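Fit chain E to the known structure of chain X by using the hints.
Protein chains in written order, with the numbering used here: chain X, 14 to 238; chain E, 141 to 381.
Because the hints were derived from the structure by calculation, they are not lab data. These numbers were taken from a predicted model, which means no experiment stands behind them. No residue lacks a Cβ here, since even glycine has one placed at the ideal position from N, Cα and C. A couple of the hints might just be wrong.
[To be verified] FRET-style restraints, in silico, Cβ to Cβ:
| no. | chain 1 | residue 1 | chain 2 | residue 2 | range |
| --- | --- | --- | --- | --- | --- |
| 1 | E | P218 | X | S88 | 24 to 34 Å |
| 2 | X | D237 | E | A161 | 42 to 52 Å |
| 3 | E | H375 | X | S55 | 51 to 61 Å |
| 4 | E | N143 | X | V126 | 50 to 60 Å |
| 5 | E | S380 | X | W22 | 45 to 55 Å |
| 6 | X | W22 | E | E309 | 39 to 49 Å |
| 7 | X | E142 | E | P176 | 56 to 66 Å |
| 8 | X | W230 | E | W254 | 31 to 41 Å |
| 9 | X | G69 | E | W254 | 16 to 26 Å |
| 10 | E | M356 | X | E176 | 27 to 37 Å |
| 11 | E | S336 | X | W22 | 52 to 62 Å |
[What the hints assert, rightly or not] Once the Cα atoms are required to be at most 30 Å apart in a straight line, the calculated DSBU-like pairs of lysine-lysine come out as:
| no. | chain 1 | residue 1 | chain 2 | residue 2 |
| --- | --- | --- | --- | --- |
| 12 | E | K153 | E | K367 |
| 13 | X | K26 | E | K285 |
| 14 | E | K247 | E | K259 |
| 15 | E | K285 | E | K215 |
| 16 | E | K215 | E | K366 |
| 17 | E | K285 | X | K85 |
So the chains spell out like this:
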Amino acid sequence: MTFLRVIQWVVWKDLISEMRSRETLSSMLFFALIVILVFSFSFAMDQDAAQQLIAGIIWVSFAFTGIIGLGKSFSAELQNDALEYLQMSPTPKGAIYLGKMLGNLLFMLVVEVMLFPLFVLFFNLNIVEEIGLLLLIFLLATLGLSAVGTLFSALTVQIRAREVMLPVLLLPLAIPVMIAAVESTRGALNAQPLTLYFHWIELLTIFDVIFTVVSFWLFELILDS
Amino acid sequence: MMNRIIRRIQRFKGWFGAAAAFCIFYGLYLGLFDSPPDYYQGEVVRIMYVHVPLAHTSLMAYASLFLGSLWYLWKRDPLVDNMCQAAAGLTVIFTALSLITGAIWAKPTWNTWWTWDPKLISFAILLLIASGYLMLRTFVEDPDKEGRYAAVLAIVGGIDLPIIYFSAEWWRSLHQPLSISMRGVSMTGDILLPLSIMSLGLNLLFLYMLMVRTQMLYLTNLLQAKKGRLLSQVHLTQTSS
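Next up, chain X with everything else stripped away, as it sits in the complex (with noise of 0.2 Å):
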């Protein structure tokens, strides 16, 4: 198989597993509405104060629901020795990590602009002008996110207390992906000139290049038996 065809049928299978059993997802989305439940009960917020806190909101809630998925991505190999089949497999192990990145880069994605309207209704926000730029501010900052975790959800899943071990190694690391997503989210939530944020989508776009080279040729390492 060609490289691209791996990559395609990594997918395709994350793919229809997913929408056989629906278990990422449905447990993604209702540990995120609890999240925002939780959020909106310990902070009594008026709208300017919602303003100035709902970026960070938000990206804690995506962060850990992300890990949620991530840590699925590949304990769903275990079943039936799975994870076995994939080492075993005469493919470039680099394809396998593209198409696993990219599976958990669409259920993360998928599950946030299924939540993206509850916070503009329970927040209150105004968001009408900026949507397309919130759009690719998430595509970029969750692209960071699945990099850097899938690599270490491949890692962690073959480690004792890897239900632990993936937000201990995963979070440290994603450090400078949410802060720079929480300020370029904050800034197009407030209608700031594009100049003043400009930076960090820079940054959000250096740190997926490099994490995604990075990871692609460590994964070799992580899932070589």
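Just chain E, lined up with the frame of chain X:
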């Protein structure tokens, strides 16, 4: 058969320890008694003679962990893996100490123990990454996988640290500018001398501790392997007789 490098460490590590002790005591004497108090910071500045060298040494420790991990992935030498494990433990110690001494200095100077400054953020995250590294190692059963996974984490962390630093610097900056920069030194000799001697001393101390710990880890693994071999031999003779 013991490794040649381990034997060499056994022979020479004492010199490093002695040199480190000499530099640290001499540097502390110079810093605490011989140098003048700072014009603005007064006597508080003296903790800098410990804090700055500690911070340098923790970066040096992570740098050796990073380079060692690359080397391990390339050559797969178990001794290098032991060295990485030793370096990670030392990174945790030195980073924690530099954060603590920094907080003690910051309280009288900035009037706060902690602030969200790029250097503080980067060091706190360095501490998290190095502790995560040690945790990861305890959770992997297979020793070959343990070395590989740990090396992957150390490499990703090493690439990430500069990005964390720059993003934190864009986020907010308060730290005083570096006193030793490309444009020349902005301190006088009676401060610079104890500072560099302490820096040298702590780096030597790091090398000494690295050697001792590497040797210890290597010998522990060797002992485990020998024990396993002996036990299996005993088992074989028992079952055959």
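Hints and how they fare:
1. A beta carbon spacing of about 30 Å between P218/E and S88/X agrees with the range 24 to 34 Å that was offered as a hint.
2. Evaluation of the 42 to 52 Å hint for D237/X and A161/E yields a pass: the beta carbon distance comes to about 44 Å.
3. Separation of H375/E from S55/X is about 60 Å and conforms to the stated range, judged on CB atoms against 51 to 61 Å.
4. The hint said 50 to 60 Å for the Cβ distance between N143/E and V126/X, and at roughly 56 Å that hint holds.
5. The hinted range of 45 to 55 Å is satisfied by S380/E and W22/X, whose Cβ atoms lie roughly 52 Å apart.
6. At about 43 Å, the CB distance of W22/X to E309/E agrees with the hint of 39 to 49 Å.
7. The hinted window of 56 to 66 Å between E142/X and P176/E holds, with their beta carbons roughly 60 Å apart.
8. Between W230/X and W254/E the beta carbons are some 37 Å apart, a value that agrees with the proposed interval 31 to 41 Å.
9. Range check, G69/X to W254/E: about 19 Å between beta-carbon atoms, so the 16 to 26 Å window is met.
10. One distance hint, 27 to 37 Å for the beta-carbon pair M356/E and E176/X, holds here, with the actual separation near 32 Å.
11. Evaluation of the 52 to 62 Å hint for S336/E and W22/X yields a pass: the beta carbon distance comes to about 59 Å.
12. The straight-line distance between the Cα atoms of K153/E and K367/E is roughly 27 Å, inside the 30 Å bound, and the hint therefore holds.
13. Proposed proximity of K26/X and K285/E is supported: the alpha carbons are some 27 Å apart, at most 30 Å.
14. Restraint check: the Cα-Cα separation between K247/E and K259/E comes to about 16 Å, which is no more than 30 Å; the hinted pair holds.
15. Straight-line distance between C-alpha atoms of K285/E and K215/E comes to about 15 Å, which keeps the hinted pair within the 30 Å bound.
16. Among the hinted pairs, K215/E with K366/E is consistent with the structure: their alpha-carbon atoms are about 24 Å apart, no more than 30 Å.
17. A threshold of 30 Å between alpha carbons decides the hint, and for K285/E with K85/X the separation of about 21 Å falls inside it, so the pair holds.
Of the numbered hints listed earlier, not one is contradicted by the structure.
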